[in-house]
Amino acid sequence: MIFEPLSKKDLEAVHTATLDILSTTGVVLEGERARKALLDAGCRVDKGRLLLPAGLVEDALRDPVSITIYGVDSSIEMPLTEAVRSYSHNFGSVSVLLEPGGQNIREATAKDLEEFIRISDFLPHLDMVVPSLRPTDFPEEVATLAMTICAFINTRKPVDIGTASDSWEVKCLVEAASVVRGGLDRLKQKPMGTISISPLSPLNFPADITEAIVDCAALGLPITMLPCPTRGLTAPLTLIGGLVQQNAEQLAFLTLAKVINRGTPLLYTCRLAAANMRTGFVGGNDPDLGLSGACAAQIARYYGLPSGVYGLDTGAVLPDIQSGYERAINCLPPVLARATFISGMGLLNGGLLASAEQLVIDDEIYAMLTHRRDGLTVNRETIGLETISAVMEGDNFLAKEHTRDYLRRGELYMGKLGNGAAYEEWLSQGSPDIRQSVKKRLEAILAEHPGPYLDEKMNRELNLLLEKAARSRTGTA
Amino acid sequence: MNASLNEIKQALIEGRKNETVQRVEAAVGAGVEPALIIREALTPALYLVGEKFDQGEYFLPDMMLAAEAMGAAINFLEPLIKRDQAGPDRAGRVVIGTVKGDLHCIGKDIVIMMLKAAGFEVFDLGVNVPAAVFVEQVKEKQADILGISALMTTTIQEQKKIIELLREKGWRDRVKVIVGGAPLSEEWALKIGADAYAADAIAGVKKVKALIGAK
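If you read the sequences in order, they're chains A and B.
Residue numbers for the first sequence follow this note's numbering, beginning at 1 and rising by one.
Residue numbers for the second sequence follow this note's numbering, beginning at 1 and rising by one.
Careful, some of the hints might be misleading.
Claimed, not checked - Facing chain B, a subset of chain A residues (Cβ under 8 angstroms, in silico): (1) Val96; (2) Leu233; (3) Gly280.
For the record, the hints were derived by calculation from the structure and aren't laboratory data.
Glycine residues also receive a C-beta, built at the ideal position from the N, C-alpha and C atoms.
Chain A with its partners taken away, still in its complex shape (with noise of 0.2 angstroms):
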């Protein structure tokens, strides 16, 4: 069962309005090599702005790259464009952290960072891990690449290589991930995630943008494409048209990578948005976003890409109510669209904080919202006719295998963290807030889970190539 939004004629429309913008209205892209490379392949200027005509578009969709990443441990396989399944993974890059079990928020250091990848490694449902916080005690000029450091160390999952906004930073990026895998082409057969890259909405590919896609696509290495556009402010207010322009970002993207190296392995990742039009602030208590995942991560496979969209998103500053119910109104619709990535855990305040209580709690609300998403599967056997008319004759359920053998194959979803006791229980158990059961269980996991993973020679190279970065970069600044 896969949850469909759109229709067929919808998605038609959608393709079309999308390469009606591309030749017609065209983007703003800069960048010597990128202007040359699509003026090449038949783009043309109009009103300093790039046309892409649809043939070129169209053909650069024809056979996508199929994408598999590994773990740091790369035994740990994760099939992106054949997933049957979404993956969650952290919000990145917050640099403000709501402190355990109060109201007080504060700049987030190294050491939270670490701690937030631990717990990132231990939680079963979270699959990718995303350096949630950008600590302000790293150098600056640094900060994503000692971001990514800190998470290749710390965790054996598939990583979120970074976010690179210009070629330097691509550079710095592969080099530390050939130094985890033991070389550039091992990283590019086993590539442990992807290079996110983020144009500007409207339909805007600054310079430095360019230059980032055109070194990562020459590589051949995984992208992920991320527009994020906001309706109402840098995209139409209505969804379906925040939704095209997007489409329109991520294929003049998706062009010029192809065009570059056809072998581009490319992840259709989507940020649509829409701001509060009294302030202009991107909240995050809005509705919308589930839809507007489901609707990108069906754009996506229509195209044959992987998609990562959001889901656990909310407004809240608190992991409160609020954030429970926006979280569960906004990552039902991708879970059951089956979106490849689900991004958000640990996330609060529309991504202006970060939280570990809420960390925790994303892995359970996660775990409930997956618990059924390959739906039911239909027979005598699973029916139980015999138990039922065995039961009738006398036996009980509990008494029987049936009962037993598919309690054991994971038909109930147990729960770690909320209350399922009667009142009387609840009340003798000291009547626990789920805030104080999740920090319970955050103490217990950063106490007892391991932890770093990598041997102290390679710990050593990566912080070699860190100094050695921050050097170079203050150098040229």
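Given chain A's structure and the hints, the job is docking chain B onto it.
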């Protein structure tokens, strides 16, 4: 004459740019003083739009459309006004821009629109503005307020750099600095030595007014 001024007001309140300009042109053609049109029709109409916004009846697009209609009408009228009658009183001079390395303009543009609607004279430096240009422009425009915008966690350090440069050039005490951008906090603003921080455009205008009052 009152009827034509009322029509201008109504067109501006509803954010109809072409109609506003047409009605202004017609009024001028009929002999109404340009300065009177600004004082009696355009300014009060824009003030009313601001009130509707404050009361929650109007949203950002309503403000933006009215501000654009106002801008178009002023563009037409300004060359017709004698120097000694020039425009309405200004609430203060603001120089504003987005820092180097950051190409985001929407937040800044909303702030500019709201400041203009509140009667400020605003000089927009655009996006990707080097620290030195901020400082030069503060001097050249004799700004009361400097607004520095940065949207990315990777670019907010530039705000600090600009404030340091202002200090170095001896201009820090002559201008109030307000910072804005989604990844920021009050704590950050204090840390880098800004005078104020605002989470959104509305708060921004309030803070700017307060800073002007304190100058």
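These are the hints, each one checked on the structure:
Nearest Cβ of chain B to the Cβ of Val96 (chain A): about 6 angstroms, under the 8 angstroms cut. The hint holds. At a threshold of 8 angstroms, the smallest CB-CB gap from Leu233 (chain A) to chain B is about 5 angstroms, leaving the interface hint in force. The criterion of a C-beta within 8 angstroms of any C-beta in chain B is met by Gly280 (chain A), whose closest approach is roughly 5 angstroms, and the hint holds.
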